[in-house]
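The lines below spell out each chain.
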Amino acid sequence: MDNLNWPATAVFVFFFAVVTVMGFMAARWKSGPLDVLHEWGLGGRRFGPWISWFLIGGDLYTAYTVIAVPALVYAVGAFGFFAVPYTILIYPLLFVAFPRLWAVTHKHQYITAGDFIFGRYGDRWLMLAVCATGIVATMPYIALQLVGMERVIQALGFHGTGLLSHLPLTIAFVILALYTYSSGLRAPAMIAFVKDTMIYIFVIAAVIVIPIKLGGYGAIFDAAGAVLDKKVADSGGKIAAGLILKPVQVMPFITLAIGSAMALFLYPHALTGILSASKGDAIKRNAIALPAYSVVLGLIAIMGFMAHAAGIKVANPQDAVPQLFLKMFPGWFAGFTFAAIAIGALVPAAVMSIGAANTFTRNFWKPFVNPNLPEAQEAGIAKVVSLIVKLGALLILFVMPTQFAIDLQLLGGVWIIQIFPALIFGLYTRWFSGTALLIGWAVGTVLGTWLSWGATAWTPVSNFFGLLGFGAYNGLTSVIVNIVIAAVLSLVMRSEAADQTVETDYDDRRVRA
Amino acid sequence: MMRYILLVLPCLVAIWAQLYNRIDPRLFGFPFFYWFLLLLIPVSALFILAAYKGEER
Chain A
1 MDNLNWPATA VFVFFFAVVT VMGFMAARWK SGPLDVLHEW GLGGRRFGPW
51 ISWFLIGGDL YTAYTVIAVP ALVYAVGAFG FFAVPYTILI YPLLFVAFPR
101 LWAVTHKHQY ITAGDFIFGR YGDRWLMLAV CATGIVATMP YIALQLVGME
151 RVIQALGFHG TGLLSHLPLT IAFVILALYT YSSGLRAPAM IAFVKDTMIY
201 IFVIAAVIVI PIKLGGYGAI FDAAGAVLDK KVADSGGKIA AGLILKPVQV
251 MPFITLAIGS AMALFLYPHA LTGILSASKG DAIKRNAIAL PAYSVVLGLI
301 AIMGFMAHAA GIKVANPQDA VPQLFLKMFP GWFAGFTFAA IAIGALVPAA
351 VMSIGAANTF TRNFWKPFVN PNLPEAQEAG IAKVVSLIVK LGALLILFVM
401 PTQFAIDLQL LGGVWIIQIF PALIFGLYTR WFSGTALLIG WAVGTVLGTW
451 LSWGATAWTP VSNFFGLLGF GAYNGLTSVI VNIVIAAVLS LVMRSEAADQ
501 TVETDYDDRR VRA
Chain B
514 MMRYILLVLP CLVAIWAQLY NRIDPRLFGF PFFYWFLLLL IPVSALFILA
564 AYKGEER
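Protein chains in written order, with the working numbering: chain A, 1 to 513; chain B, 514 to 570.
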């Protein structure tokens, strides 16, 4: 404890205490019967455009993003900036497709993607596949929120050994678990206001103050470029890095951006944020307003270069941003920044555990284990599952090396993208048959995993068994195979199952709030 | 139809990395790669806004 940064820690603890109180108070906000699943798990679908903006933004731009994106930029330069085209691609998709999903889920009281899939295709095994994919892809994602939190807690100067080293994180997480249990989605929605305000403040401070101290943006980019060029030269040209993309990085950059964009809104937590909106129009307005977060993300990414210019040398690139703030700002402001990042982990972690709990309850427990589950008990099951999911994520972090959690999360992206044809195409057509989509999903999942599982390290990019002349994101190549298989099999395996929905259910202007 | 063109255009520019993968011209010290992408974010939002306005009519 000797090396603890006291001003930073005091500010950190203060803000953490504030959001804890808010999290518990949130149960009474826009209050409704919290023992009903759509009240606990979707905030009663009463969130207008403003709340949705904070909630979806808080949900997508996570603590891990704030740590990992600049870490990648710090490590390899321009390639890490794929997050920017990626976040440009997601909003047209959000604007076009998701008001349709909102409308149909609202009309039929669906709470999860799995509910919709079952209603549309009448295939419970496809529903189970969607549910399982969502949960499995979410767990490591939550674990990575903890990684982000742990980095900033360590930067405060906590360096315990053994179990003690995880103590602050465990305390923070138990608090989070308790108020998510009692308040449901209202807790992260309320905390998101504080979190985002804090993040905007530290980003604005950083993009003004740091360039002044380091001689301007030109100097920052030049210094970072020199460090990266030296890194490439030292490796004998084996490492690809620099201020712009090397030719070999261009196709991986493009395909990662496209694939990540296709995957993002398929995660249960993203859907939870979208479906909690009070109107389809709130989603459209958010597709216009949410890019403000992408600007912030781009500026945060550049902090990876600022760290080079400030002479920060860290073995783990994830420490680059925390160390940058410790060096550039007084202790109390570094503490404020770290609190913003840690609280930034709480919002998505809460929404993720709620999203996973909703789909577990609705698409596994009720149809496969206890079909007679009364509606009043659904929320009870979901609350317990949200605790288990968070505990699981904490365990992943304790027993597995961090690198493994990162690999799992990248694999999670390759897995979750496989439900794209069933969910997104399903919003427009019932032409595909459930069985064909299920087989496409299975092939895509196995193929994507196979392509990614290297002998020594996991890699998200490959040349597709040597068939491509360039590297491409495995999620994208495998989902294309998935789509082709689903389309061909749909020609021969026509489905007889009933479709609960009709075309007018998808028009958000006809489905009234 | 116009609506879809408005939505697709910024996406095509965003993934056309060969277009913006260059250092010069710089703006406020930012290499082209970075300021172009950062600027494309609000521009793409304006295109979505235009699609939204077109839809209201």
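No lab work stands behind these hints: they were computed from the structure. Being a predicted model, the structure only gives us computed values, none of them experimental. Think of the CB as a built atom: it goes at the ideal place given N, C-alpha and C, for glycine as much as any other residue. Hints may contain errors.
[What the hints assert, rightly or not] If we take Cβ atoms under 10 Å as the criterion, some of the chain B residues that face chain A in the derived model are:
| # | residue |
| --- | --- |
| 1 | M514 |
| 2 | M515 |
| 3 | C524 |
| 4 | N534 |
| 5 | P538 |
| 6 | F541 |
| 7 | F545 |
| 8 | F546 |
| 9 | Y547 |
| 10 | L551 |
| 11 | F560 |
| 12 | E568 |
[As the list claims (entries may be wrong)] Distance ranges between label pairs, derived from CB positions:
| # | chain 1 | residue 1 | chain 2 | residue 2 | range |
| --- | --- | --- | --- | --- | --- |
| 13 | B | R516 | A | G236 | 22 to 32 Å |
| 14 | A | I171 | B | G542 | 37 to 47 Å |
| 15 | A | V492 | B | G542 | 54 to 64 Å |
| 16 | A | W453 | B | A563 | 19 to 29 Å |
Hint by hint, here is what the structure shows:
1. With 10 Å as the threshold, the beta carbon of M514/B stays out of range of chain A, its nearest partner Cβ sitting at about 13 Å, so the hint is violated.
2. Given hint, M515/B at the interface with chain A, is violated; its Cβ is 13 Å from that chain's nearest Cβ, farther than 10 Å.
3. Look at C524/B: its Cβ gets to within about 5 Å of chain A, closer than 10 Å, so that hint holds up.
4. Checking N534/B against chain A by beta carbon gives a least distance of about 5 Å; that is within 10 Å, so the hint holds.
5. Restraint check, P538/B versus chain A: the minimum CB separation of about 12 Å is more than 10 Å; hint violated.
6. Checking F541/B against chain A by beta carbon gives a least distance of about 6 Å; that is within 10 Å, so the hint holds.
7. Hint on F545/B holds. Least Cβ distance to chain A is approximately 8 Å, under the 10 Å limit.
8. Contact between F546/B and chain A, as hinted, is supported at the beta carbon level, the nearest pair being about 5 Å apart and thus within 10 Å.
9. Because the beta carbon of Y547/B sits about 7 Å from the nearest beta carbon in chain A, less than 10 Å, this interface hint is met.
10. For L551/B, the interface hint holds, the least distance from its beta-carbon to any beta-carbon of chain A being 5 Å, beneath 10 Å.
11. Because the beta carbon of F560/B sits about 8 Å from the nearest beta carbon in chain A, less than 10 Å, this interface hint is met.
12. The beta carbon of E568/B comes within 8 Å of a beta carbon in chain A, closer than 10 Å, and the hint placing it at the interface holds.
13. In this structure the supplied range 22 to 32 Å is violated for R516/B paired with G236/A, their Cβ-Cβ distance being about 51 Å.
14. A hinted range of 37 to 47 Å holds for the C-beta pair I171/A and G542/B, which are about 43 Å apart.
15. At roughly 59 Å, the beta carbons of V492/A and G542/B sit within the given window of 54 to 64 Å.
16. Against the hinted window of 19 to 29 Å, the Cβ-Cβ separation of W453/A and A563/B comes to about 44 Å, which falls outside the hint.
Hint compliance for this structure: hints 1, 2, 5, 13, 16 are not met, and every other hint is.
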